[in-house]
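Colleague: Spelled out from the first residue to the last, the chains are:
Number of protein chains: 2
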Amino acid sequence: MDEVNQKTGPLSERARVRREAHRADYDRTMLDAIVDAAYVCHVAFTDARGTHCIPTACWRQGDYLYLHGSNGSQMLKAAASGVQVCVTVTHLDGLVLARSTFNHSMNYRTAVIYGVCETVTGEHKAESLDALVEHIARGRSHEARRGNPKELAATTVLRLPLTEFACKIRAGGPNDDEDDLDLPVWAGVLPFELAQRPAIADTPQIDEPVYVAKWAKDGN
Amino acid sequence: MDEVNQKTGPLSERARVRREAHRADYDRTMLDAIVDAAYVCHVAFTDARGTHCIPTACWRQGDYLYLHGSNGSQMLKAAASGVQVCVTVTHLDGLVLARSTFNHSMNYRTAVIYGVCETVTGEHKAESLDALVEHIARGRSHEARRGNPKELAATTVLRLPLTEFACKIRAGGPNDDEDDLDLPVWAGVLPFELAQRPAIADTPQIDEPVYVAKWAKDGN
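So the sequence lines, in the order shown, correspond to chains Y and H. Take any residue in the first sequence, note its place counting from 1, add 1234, and you have its number in this note's numbering. Take any residue in the second sequence, note its place counting from 1, add 1234, and you have its number in this note's numbering.
Source of the hints: derived by calculation from the structure; they are not laboratory data. You may find that some hints are simply not true.
[To be verified] As a list, the in silico DSS-like pairs of lysine-lysine whose alpha-carbon atoms are at most 30 Å apart:
#: 1; chain 1: H; residue 1: Lys1359; chain 2: H; residue 2: Lys1384
#: 2; chain 1: Y; residue 1: Lys1451; chain 2: H; residue 2: Lys1384
#: 3; chain 1: Y; residue 1: Lys1448; chain 2: H; residue 2: Lys1451
#: 4; chain 1: H; residue 1: Lys1359; chain 2: Y; residue 2: Lys1451
#: 5; chain 1: H; residue 1: Lys1359; chain 2: Y; residue 2: Lys1448
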């Protein structure tokens, strides 16, 4: 692995962005922002059956991305076995409509992380699951019933160090060829946002916690 | 590959959903619905540098999922070389808050497709790029300047047959343990939707096409 300053370059040749390299970012600040805005990642790994790409929940604590699930998960079993994984988080921010089809694009923020997972055990396992609940809904780890020993034992928690990664970001309007700028074609951005929609209560008799009361209320 | 009827079972052992198998769906109708609602997929592949997970645009035509990009893309070069890929599309529909942390979940629709890509050439290459533009904005392939020979030559188009796949869907409220149902904990779903936000025009002097005028206008 080429150890390059993360402010200026990729941490490995594998993680170097080749296409549209000006959109690359190797800074932890950007990585953390992309990961912290996500609920789901895609985990790529290879086992005897081939290469797989499996979506799963994710969250960050410090210098690690965390994954969890049932002990029976083929993905977690493979990732826990020490094989190299690649975990990717992507936010789609918009469709970019240029005057030429060739210059059409998308606005996005993506983080691609390479490495080998560690299995989380002991007290930190329960703490990390609390952190997942807090990531989903701040304060809820003090409300919902925490996992009992049987549930904890049935759950695998893994973490991937945030050391070998690349972020790639596209934002803004279309980049058309100068020759195309006078074409009578509408150009611009059709933005997306992962919007919150009104909560659906299973417990109408119970007061909404703050994170529920605020859901889909802040202009979303 | 185990050839199992897609109405009843997976098309390969590799594509069989093991965890929460009651959420699996191996029907092409479901696959098409999940893929057609997507703009982006994640492509997992393995080369000499390891296993990768790369986001990219996708669209469907008939019995194939299409990918495209610059000839220089490492992902496309690998996928065009005949290596097995796994392409996954995921829609996140909500956070499911159960009374116990163990039963927290997410609502989602995901499609995992295994196979080997074919390179698209000849007339179908330009047609397939038109189909991508139509997927993004219906009618736009007749408005934007189409790719010239140089642009087409710089672009790789691949397609993956929709034959070996699994869909997995979770919808609805929390599934709590019976012993937890009386806990004084709010439970329910916090829904998400990939919402359209107002278009940002680069060409205010040009009338909006229908697909722009309707963007973020239909209750989104």
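Colleague: Against each hint, give a clear statement of whether it holds in the structure.
Modeller: These are the hints, each one checked on the structure:
Our distance criterion of 30 Å between C-alpha atoms is met by Lys1359(H) and Lys1384(H), whose separation comes to about 13 Å. For the hint pairing Lys1451(Y) with Lys1384(H), the CA-to-CA distance comes to about 49 Å; that exceeds 30 Å, so the pair is violated. Using a Cα cut-off of 30 Å, the hinted pair Lys1448(Y) and Lys1451(H) holds, with the two alpha carbons roughly 24 Å apart. With a C-alpha separation of about 46 Å, the suggested pairing of Lys1359(H) with Lys1451(Y) is violated against the 30 Å cut-off.
Distance restraint check for Lys1359(H) and Lys1448(Y): the Cα-Cα separation of roughly 48 Å exceeds the 30 Å cut-off, and the hinted pair is therefore not satisfied.
The structure fails hints 2, 4 and 5 (numbered hints given earlier, in ascending order).
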